[in-house]
Amino acid sequence: MYQLAGLSRHTSEDIARAEGQSTARWHVLSVLSDGPMTVSSAARRLGLARQSVQRVVNELKAAGLVVGTGNPHDGRAPLVHLSDSGRQTLARLDAAGRRHRSQLLADTDLDPGSLNQARTTINQLIHMLSAQTTDITTNETTR
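Numbering (UniProt numbering), first residue to last: 1 to 143.
None of these hints come from the bench; they were simulated from the model. In this text, all values refer to a predicted model and were calculated from it rather than measured experimentally. Be aware that a few hints might be false.
[As the list claims (entries may be wrong)] Pairwise CB distance ranges (calculated):
id: 1; residue 1: D111; residue 2: N58; range: 38 to 46 Å
id: 2; residue 1: L46; residue 2: T11; range: 15 to 23 Å
id: 3; residue 1: A131; residue 2: M1; range: 12 to 20 Å
id: 4; residue 1: L110; residue 2: D74; range: 44 to 52 Å
id: 5; residue 1: A95; residue 2: R9; range: 16 to 24 Å
id: 6; residue 1: Q3; residue 2: L48; range: 18 to 26 Å
id: 7; residue 1: Q103; residue 2: N71; range: 37 to 45 Å
id: 8; residue 1: R76; residue 2: S102; range: 41 to 49 Å
id: 9; residue 1: T108; residue 2: P78; range: 39 to 47 Å
id: 10; residue 1: Q88; residue 2: Q3; range: 27 to 35 Å
id: 11; residue 1: R55; residue 2: T121; range: 30 to 38 Å
id: 12; residue 1: D109; residue 2: P78; range: 44 to 52 Å
Glycine is no exception: its CB is placed at the ideal position from the N, C-alpha and C atoms.
Please model the entire structure based on the sequences and the hints provided.
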């Protein structure tokens with residue numbers, strides 16, 4: 001898994017660079033595509049420190065790819081969401097990623113169904129480990 005993750009990161013970085021972005025920006029744009037959220041919420045979704053996500057959000061704001069708005073639930077933590085330009089950039093990144101995966105699949109004996117099954121399995125593992133991490137954290141804080 002570590003080898004796959006490392007290779008995937010290198011490939012993603014190449015794709016992002018070709019679009020004038022970084023994988024960090026791509027990840028944050030992708031998370032924000034689910035709707036407005038705070039930087040802390042985005043960081044939790046990505047499994048990263050809030051400070052590192054804040055740095056990327058600041059870069060994305062400066063580039064006009066995201067905007068901040070007031071948060072009715074917490075005035076100190078603005079909501080961040082994609083701008084039109086951010087949605088277009090994310091669409092280009094995602095399309096480039098799909099093209100790259102299609103080219104890779106064409107060069108192997110893997111079919112899209114196999115790739116989708118692998119994705120489903122990995123998502124199930126992520127869900128299982130996320131739930132386990134929550135349980136471990138809860139148990140440790142109640143001891």
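Evaluated hints:
Between D111 and N58, the C-beta spacing of about 42 Å keeps the proposed range 38 to 46 Å intact. At roughly 18 Å, the beta carbons of L46 and T11 sit within the given window of 15 to 23 Å. Taking the beta carbon of each, A131 and M1 are about 19 Å apart, inside 12 to 20 Å as hinted. In this structure the hint that L110 and D74 lie 44 to 52 Å apart at CB holds, the actual value being about 45 Å.
Under the hint 16 to 24 Å, the C-beta atoms of A95 and R9, about 19 Å apart, fit the expected range. One distance hint, 18 to 26 Å for the beta-carbon pair Q3 and L48, holds here, with the actual separation near 21 Å. Checked against the hint of 37 to 45 Å, the C-beta distance between Q103 and N71 comes to roughly 42 Å, which is consistent with it. Checked against the given bound of 41 to 49 Å, the beta carbons of R76 and S102, roughly 44 Å apart, stay inside it.
Taken as a hint, the range 39 to 47 Å holds for the pair T108 and P78, whose Cβ atoms sit roughly 45 Å apart. A hinted range of 27 to 35 Å holds for the C-beta pair Q88 and Q3, which are about 33 Å apart. Taken as a hint, the range 30 to 38 Å holds for the pair R55 and T121, whose Cβ atoms sit roughly 33 Å apart. Against the hinted window of 44 to 52 Å, the Cβ-Cβ separation of D109 and P78 comes to about 49 Å, which satisfies the hint.
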